[in-house]
Amino acid sequence: MELTWNGGETGFRWPWLVPVLVLLVVGLMVWWTRSRGRRTAAGASYVAHAARLRALPRYRALVRRQVVLGTCLTVAALVACAGAIVLGGRVQERQTHAQEDRTRDIMLCLDSSGSMAEVDAEVVREFRTIVGGLRGERVGLTIWSGVAITVFPLTDDYDYVLEQLGEAEDAFGAGGVYSEAYSVYTAGTVIDWDIQSQLGDGLASCVQRFDRRDEDRSRAIVLASDNEPIGQGVYDLPAAAELAREANVVVHAIAPPTTGDRPSAARLFSDAATSTGGTFSMLGDDGSAAGVIKAIGDLDTSEIERPPVVQVLDRPRLGTVLAGIGVGGLGVVWLAQGLLAVRDRREEEAS
Amino acid sequence: MPAHLTRIKTRLSIHAHRKVRGLLEGEYAALHVGRGIDFNDLREYVRGDDVKDIDWKASARGRQLLVKRYVAERKHTVLLCVSTGRSMAAMNDAAVGKRELAVFVSGLMGLLAVRHGDLVSLVRGDAAEQHAERPRGGELHLERLLGGIHDAIRPDGSAADLTALLRYVARTVHRRTILVIVCDDTSVPDEAADLLRRLTVQHEVLLLTIGDLDPTLPAVAERRLVDVDTAAEVPGWLRHDRQLRRELAALVGAEEASLRRRLDQLGVVHERVHDTDSAVAAVFRLLERQRHARRR
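Protein chains in written order, with my numbering: chain A, 1 to 351; chain B, 1 to 296.
Don't read these hints as lab results, they were simulated from the structure. Note that the coordinates shown come from a computational prediction; the quantities given were computed from them, not determined experimentally. All C-beta atoms, glycine included, are put in the ideal place defined by N, C-alpha and C. Careful, some of the hints might be misleading.
Quick list of the computed label-pair ranges, beta carbon to beta carbon [claimed, not checked]: (1) B:Trp237 - A:Val18: 18 to 26 Å; (2) A:Val67 - B:Arg115: 23 to 31 Å; (3) B:Ala254 - A:Pro19: 40 to 48 Å; (4) B:Asp156 - A:Val26: 31 to 39 Å; (5) B:Ala219 - A:Met29: 27 to 35 Å; (6) A:Val67 - B:Arg171: 23 to 31 Å; (7) A:Val67 - B:Asp264: 14 to 22 Å; (8) A:Val67 - B:Ser278: 35 to 43 Å; (9) A:Pro57 - B:Ser278: 52 to 60 Å; (10) B:Ala219 - A:Val63: 38 to 46 Å; (11) A:Arg54 - B:Arg289: 31 to 39 Å; (12) B:Arg115 - A:Gly70: 55 to 63 Å; (13) A:Glu348 - B:Arg197: 22 to 30 Å; (14) B:Gly117 - A:Arg34: 54 to 62 Å.
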């Protein structure tokens, strides 16, 4: 499942609270200044000839200092208030997740017998081109001849997939059966030289490579083989196809052109593939592997439509930062006031 | 009813002032230049009495110094001239207002006059209006005058104006009086100086200035202070500053010194009343200085 963040709309959870709080702050400020202005009458003692106090240089210095400190204090307090208001309004980001449920599993199931090397290289090359466009699908690679080997299990780590497919392409395209790269790569697929290229066993093995059986996923196998078995396997082809059908696995078969020389084998292979709802194509006669890739793309139809998930996230950073700046500013101003007071006292003691 | 006078008498009867009380009466008596010839009675000598008045024979008989008292040739008038501007409504120190102090020193002078059988008159006023009372004797009259002073001094009144007050006195008072000026001015403008010079010719001028509250005083640090002139608050945060306190003290000291110098040049006897405790002493000093000044 892939989550895509579609346009985070940022706004207040309680937009009405913001003007209410702003009005409250403004109201408090007005009330405060008014009450300070009106406070002069009652309860105060009168002092006369205060004008000479105001004329003193020290008085002016103190007033200047107080004005600066007061302004800083007011600004810091207002910033803190703004932060608190923003926090109070609760900034939230609304995110819509379009759920793309590409629950597809694709298993590349390649016959690694000598005759298939070029076909495999071709299939892998084609497949690499579409890995980049995949989203959420899981891809696995199994090679088989007498025995099946999982090169890598189903995964959506596409970098890894591309790397592995590159290795596979290099190995298969290295120059035939006798190259070292090929034999190293396919080592272990043949344990008994009398039993090779067992299409039935290979298909059955690949069907068994699918995990998460309880989930509703589209499963496909891209099966490349020339259906030229040597010896007797556990499963014959129709039985393996039956197994695939039961597991709801679609088998897309790709056969090299040489298969056409053996019509019965080709027909058997074709029947097995189509019986699972898949396709059968002969490499080279109709655009080859590209057709298979297209068929895989068509598996999209089994995607499950889910409504987009709406997620609302608190974004308190702006408010916190503002309030933090404000409170920090208040602290700094108070500190400055304290330092000035201490300095005054020092000078007093010194003199 | 006589609330102001009672308070003044109470204060005078406090132990510390008891001695001074007699002295004050002697000093006051010595203010009068012209004395009657008719012998009235004898009384105990108090410091400040003129030595010429001692009846040596009677003293020898009575084993204590006695002075002769004469019937005054004519009654003298003490003219209380009180500035009642709004600055007088302010505080003098942490506990007492300048108004109380003005009433106190006026009442003290008035009481001395009344006790001596003299008449007391009052001129009070500020920049807006001046007001005069007829000279009359008796404590009841004095009490009424004191009440008038007390009620005239209001924080919402006009500004103090010593010049206007002196001009009013110069214009309206024609008899010779003992002119007791009570004000709170920190300096004497030129016009007021001219008027004072002119008034000293006619009257025995005694000038009492009342000090102001130092807003930086630690005793009033917790109190809200409002400038009586501008109705603006004197902010509390700067009143703790010691440097400001020092500068203000220096300024006030300089102003006081220059005022004293100016009044000395004018030949006006002057005392500053700093607080209630020193008020009696200040009045006493004032009378004494006046006596010496005249003899010079």
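Outcome of the hint check:
At roughly 34 Å, the beta-carbon separation of tryptophan 237 of chain B and valine 18 of chain A lies outside the given 18 to 26 Å, and the hint is violated. Between valine 67 of chain A and arginine 115 of chain B, the C-beta spacing of about 57 Å breaks the proposed range 23 to 31 Å. For alanine 254 of chain B and proline 19 of chain A, the hinted distance range of 40 to 48 Å is not satisfied, since their beta carbons lie about 57 Å from each other. Between aspartate 156 of chain B and valine 26 of chain A the CB atoms are about 33 Å apart, so this pair conforms to the stated range of 31 to 39 Å.
The hinted window of 27 to 35 Å between alanine 219 of chain B and methionine 29 of chain A holds, with their beta carbons roughly 34 Å apart. Against the hinted window of 23 to 31 Å, the Cβ-Cβ separation of valine 67 of chain A and arginine 171 of chain B comes to about 48 Å, which falls outside the hint. The hinted window of 14 to 22 Å between valine 67 of chain A and aspartate 264 of chain B is violated, with their beta carbons roughly 43 Å apart. For valine 67 of chain A paired with serine 278 of chain B, a C-beta distance near 39 Å keeps the hint of 35 to 43 Å intact.
Separation of proline 57 of chain A from serine 278 of chain B is about 31 Å and departs from the stated range, judged on CB atoms against 52 to 60 Å. For alanine 219 of chain B and valine 63 of chain A, the hinted distance range of 38 to 46 Å is not satisfied, since their beta carbons lie about 23 Å from each other. The hinted range of 31 to 39 Å is satisfied by arginine 54 of chain A and arginine 289 of chain B, whose Cβ atoms lie roughly 34 Å apart. Between arginine 115 of chain B and glycine 70 of chain A the C-beta distance comes to about 57 Å, which sits within the given range of 55 to 63 Å.
Between glutamate 348 of chain A and arginine 197 of chain B the CB atoms are about 45 Å apart, so this pair departs from the stated range of 22 to 30 Å. Separation of glycine 117 of chain B from arginine 34 of chain A is about 59 Å and conforms to the stated range, judged on CB atoms against 54 to 62 Å.
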